[in-house]
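Chain Z is fixed; fit chain G onto it per the hints.
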Amino acid sequence: MKFLRDLMDKQKPLFQKGGKLENLYYLFEAGETFLFSPNHTTGIKGAQVKDAIDLKRMMITVVIAMIPCLLFGMYNTGHQHLLATGGTAGLWENFGEKLGTGALLVLPIVIVAYAAGGLVEAIFAVIRKHPINEGFLVTGMLIPLVVPATTPLWQVALATVFAVVIAKEVFGGTGMNVLNVAMTARAFLYFAYPAQISGDQVWTYLGDAAAVDGFSGATALSVAYTAGVEGTQTVVQALAAHNTALGADLFSFGNMFIGWIPGSIGETSTLMALVGALILIATGVASWKIIVSGFAGAYIMGAVMNLLAVNEYMAMPPQYHWVMGGLAFGIVFMATDPVSAAQTETGKWIYGLLIGFLTVIIRVTNPAYPEGIMLAVLFMNVFAPLIDYYVVKANKTRRLQRATV
Amino acid sequence: MYLLDLGRFSKAHSSKTDMSKIVKLKKGFDIKLVGKANQELADFAPAQTFAIKPTDFIGLQRPKVLVNEGDTVKAGTPIMFDKAMDQVIYASPVSGEVVEIKRGEKRKLLEIKILADQTVSHENLGKADLTSLDRDALVSKIASSGIWPNIIQRPFGIVANPEDTPKAIFVSGFDTHPLAPDFGFALKGEEKYFQAGIDALAKLTTGKVHLNLDGEIPAPSVFANVNNAEINKFFGPHPAGNVGVQIHHLDPINKGELVWTVNPFGVVQIGKLLLEGVYDSSKLVALTGSELTKAAYVKTYSGACVSSFVKGNLNSGHVRVVSGNVLTGEKISLDGFLGFYHHQITVIPEGDYYEFLGWALPSKRLSFHRALGLLSFLNPKKEHVMDSNARGEERAFVQTGVFESVTPMDILPVYLLKAIMAEDFDEMEELGIYEIVEEDLALCEFVDVSKHPVQQMVRKGIELIQYS
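Listed in order, the protein sequences are those of chains Z and G.
Here this note's numbering is used: the first residue of the first sequence is 15, the next is one more, and so on.
Here this note's numbering is used: the first residue of the second sequence is 278, the next is one more, and so on.
Please keep in mind that the hints were generated in silico from the structure rather than gathered at the bench.
Positions of the beta carbon are idealized from the N, C-alpha and C atoms, including for glycine.
It is possible that part of the hints are untrue.
Ranges of calculated distance between the beta carbons of each label pair, as one might list FRET restraints [unchecked claim]:
(1) Z:Leu400 <-> G:Lys576: 37 to 45 angstroms
(2) Z:Ser266 <-> G:Lys301: 46 to 54 angstroms
(3) G:Lys571 <-> Z:Ile125: 56 to 64 angstroms
(4) G:Leu611 <-> Z:Lys31: 29 to 37 angstroms
(5) G:Lys510 <-> Z:Gln333: 33 to 41 angstroms
Just so you have them, the derived chain Z footprint on chain G, three or more residues with Cβ under 8 angstroms [stated by the list, open to error]:
(6) 469–480
(7) 599–607
(8) 650–664
Computed, partial: chain G to chain Z, Cβ under 7 angstroms [stated by the list, open to error]:
(9) Gly305
(10) Phe306
(11) Gly628
(12) Asp629
(13) Gly669
(14) Gly709
(15) Glu722
(16) Phe723
(17) Val726
(18) Gln732
(19) Met734
Here chain Z stands alone, though its shape is the one from the complex (with noise of 0.2 angstroms):
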């Protein structure tokens, strides 16, 4: 470490005021703060101690918490393909082979993910004269994670210089974005190349191998929405119904929970998702209020959609709008960014419930998104101030009517 440490201070005159790379001195800095907790003491007056946490252990913590979302995400892209390709149909089966080429399909979009993001923030970094963001670190990994497999690379890149540069960086960085960079990165690229994120053919990779008889690569919600359009059988029915080319029950309540299913890359298992949560929440980094109102909002809809139910979709059981889709992933991971989402305690419940309510809604009534997370997410972002205007407001008006009481 010492030699790591001596080649740093031998090199950061040249990047200090007046040296000839006076201009990437951010650039060092962020290299050499990654390599070195700094060395500056607390100031005079104030807080003479700190403490131990800072900015990039918190965001380290959430990159932690979606590792479990990434691995399964690997593992299930390499099932879905041998699934979808007439492999052998047991889950722990040919695990290798699976892993290996979910890690091929998945990697790639990792790396690029954080090459694009790494480099908008560092050209940022050097013509606006701020800190690279740790928030990156974040957003780099919620990218792949909530796209499919087989999103073309390019596509990634593009997205995520789209999505720092439109809704991040323009607004001044990690801390002043208005709404979540990852989420904004999904709706570029939904509405940009409808083709490759959405209908039946993109969730799982193929390859150059032919489908099985019978194979079809609807998702569950889609599944679900024609349901309720053809209205001949219950949704749980035409869920149960649907693919037995892959294996009967591809898409019952388990094996969506478990997240057994395509999809985007994270996003299909629930019980991954509430693994990431209980390590947000257990680390105190996202905040539970947001995860619990989310969920309860979703089921509280979905319940509200069964007692006026016209049609099968909207009399589906609630608790299948918890493990259908990116729901899960959606509130643990993009609704909890404490930037976008709502800043006071009761604006939280509230933005979480309303995310839960909303994401049902779209849903099962509008015929053009069958996933509403995404939207319902960045909705919220936006009316996230208001709620805290609200909030505020609340506070300012107990001051004043303590004043003239």
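Chain G only, in chain Z's frame:
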């Protein structure tokens, strides 16, 4: 006579039981450090020099020095005053010779140093009987004695203006800051003076004098039998001992209202002024911190040079000496001077080192958080050695909800701080800037993931409002 006394007694008693409040606070955080002062008096060589530092007095605008280098002074001799509030005298804490009047850039007054006599002699300021003293006479007596700067006005946390009348006066009888002195020990035997001080304060306000005690321990002798004040009990972690937090729960400050606060050492000084006719700034100061060989109390005077207590008492070489506590104190040099409002010296390791992958490796260092690798929450009773490393760099606000969980007041700290950053006066007012001073949000500065200089921001906001 007998009847009269009985009447007074029962009245005080009933006001205690009927009116006093018990406040239980949950939010907050106790920073447990190594190096608590043992309850014993250390016999270090007495401090030789003492200083009055105008920078200690927030809100002091145009200090005018009344002595010259070479003058001899007694304890209580006027040293300077503020041209903006000329009734209030700042007096010498000891007797001796004025050896240096230190000025900085633009002749800014920094320190007035006094070399102390072996035995301190006092100016005779005259004893006074409270019953025969009207309020104005009492005010001018305290204001001209050098003790007045102990009386702090809220809002703003500045030296009170003798021309004002506060709606109430608050005295916090305990300190919950890291390694804070035990007032029960530091003020033992001062019962008579403390009571006299409280009686005087009662005369200064139209409302009540609140004495707020730590509910978790039996009341120390100095506070146990105090009359003429409403005694409230507070439970909970730091900042339960902060007078600002206590005011918020007892009788919050609204726009246009004034309250005063006095620390118990100041109350005792007022009592001594009345009963003995002197400005006696002697007090027990707690020597604390992990880097001291002997952590104990030492008897000295306000503004003492710390070198004789610290040099030769260190168990390591590279240290930071703090006048006050590690949350709100001020870094001073090894031969710096104790701040006027401080009764504690803390010595911690200096933290100017690099740490390889310091942000990622597991750490037993104290943290309010539980993020990956921060393990201190597993062992909440452990006392930590903390150094002055800044633990990361300043960033925009990201994490939410943390400041609220260490601020036991109905205040939204992040919104208030953002209003200060935006210099939005209405917003600052509406969000409660009148209710806080730096120390009330000091824990926010400690726990902040984004490492903002919260206390500095609070003062900036207060000054914006104060001078608008």
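Structure-based check of all given hints:
1. In this structure, Leu400 of chain Z and Lys576 of chain G break the distance hint of 37 to 45 angstroms, their C-beta atoms being roughly 59 angstroms apart.
2. Between Ser266 of chain Z and Lys301 of chain G the beta carbons are some 51 angstroms apart, a value that agrees with the proposed interval 46 to 54 angstroms.
3. Between Lys571 of chain G and Ile125 of chain Z the C-beta distance comes to about 58 angstroms, which sits within the given range of 56 to 64 angstroms.
4. Checking the proposed 29 to 37 angstroms range against Leu611 of chain G and Lys31 of chain Z shows it holds: the Cβ atoms sit about 32 angstroms from each other.
5. A beta carbon spacing of about 49 angstroms between Lys510 of chain G and Gln333 of chain Z contradicts the range 33 to 41 angstroms that was offered as a hint.
6. Residues of the segment 469–480 of chain G with a Cβ under 8 angstroms from some Cβ of chain Z number 0, which does not satisfy the need for three, so the listed coverage is violated.
7. Look at the segment 599–607 of chain G against chain Z: 6 of its residues bring a Cβ nearer than 8 angstroms to a Cβ of that chain, three or more, so the hint holds.
8. Residues of the segment 650–664 of chain G with a Cβ under 8 angstroms from some Cβ of chain Z number 5, which satisfies the need for three, so the listed coverage holds.
9. For Gly305 of chain G, the suggested interface contact is broken, since its CB lies about 14 angstroms from the closest CB of chain Z, more than 7 angstroms.
10. Of the supplied interface hints, the one on Phe306 of chain G is violated, with its beta-carbon coming no nearer than about 9 angstroms to a beta-carbon of chain Z, more than 7 angstroms.
11. Taking 7 angstroms as the C-beta contact cut-off toward chain Z, the hint placing Gly628 of chain G at the interface holds, the least distance being around 5 angstroms.
12. A least Cβ separation of about 5 angstroms between Asp629 of chain G and chain Z falls short of the 7 angstroms threshold, and the interface hint therefore holds.
13. Because the smallest distance between the Cβ of Gly669 of chain G and any Cβ of chain Z comes to about 3 angstroms, under 7 angstroms, the interface hint for this residue holds.
14. The closest approach between the C-beta of Gly709 of chain G and any C-beta of chain Z is roughly 6 angstroms, which is under the 7 angstroms cut-off, so the hint is satisfied.
15. Annotation: Glu722 of chain G was flagged as interfacial toward chain Z, and the flag holds, the nearest CB pair being 4 angstroms apart, inside 7 angstroms.
16. Taking 7 angstroms as the C-beta contact cut-off toward chain Z, the hint placing Phe723 of chain G at the interface holds, the least distance being around 5 angstroms.
17. Look at Val726 of chain G: its Cβ gets to within about 5 angstroms of chain Z, closer than 7 angstroms, so that hint holds up.
18. Because the closest C-beta pair between Gln732 of chain G and chain Z is about 4 angstroms apart, less than 7 angstroms, the hint holds.
19. At a threshold of 7 angstroms, the smallest CB-CB gap from Met734 of chain G to chain Z is about 10 angstroms, leaving the interface hint violated.
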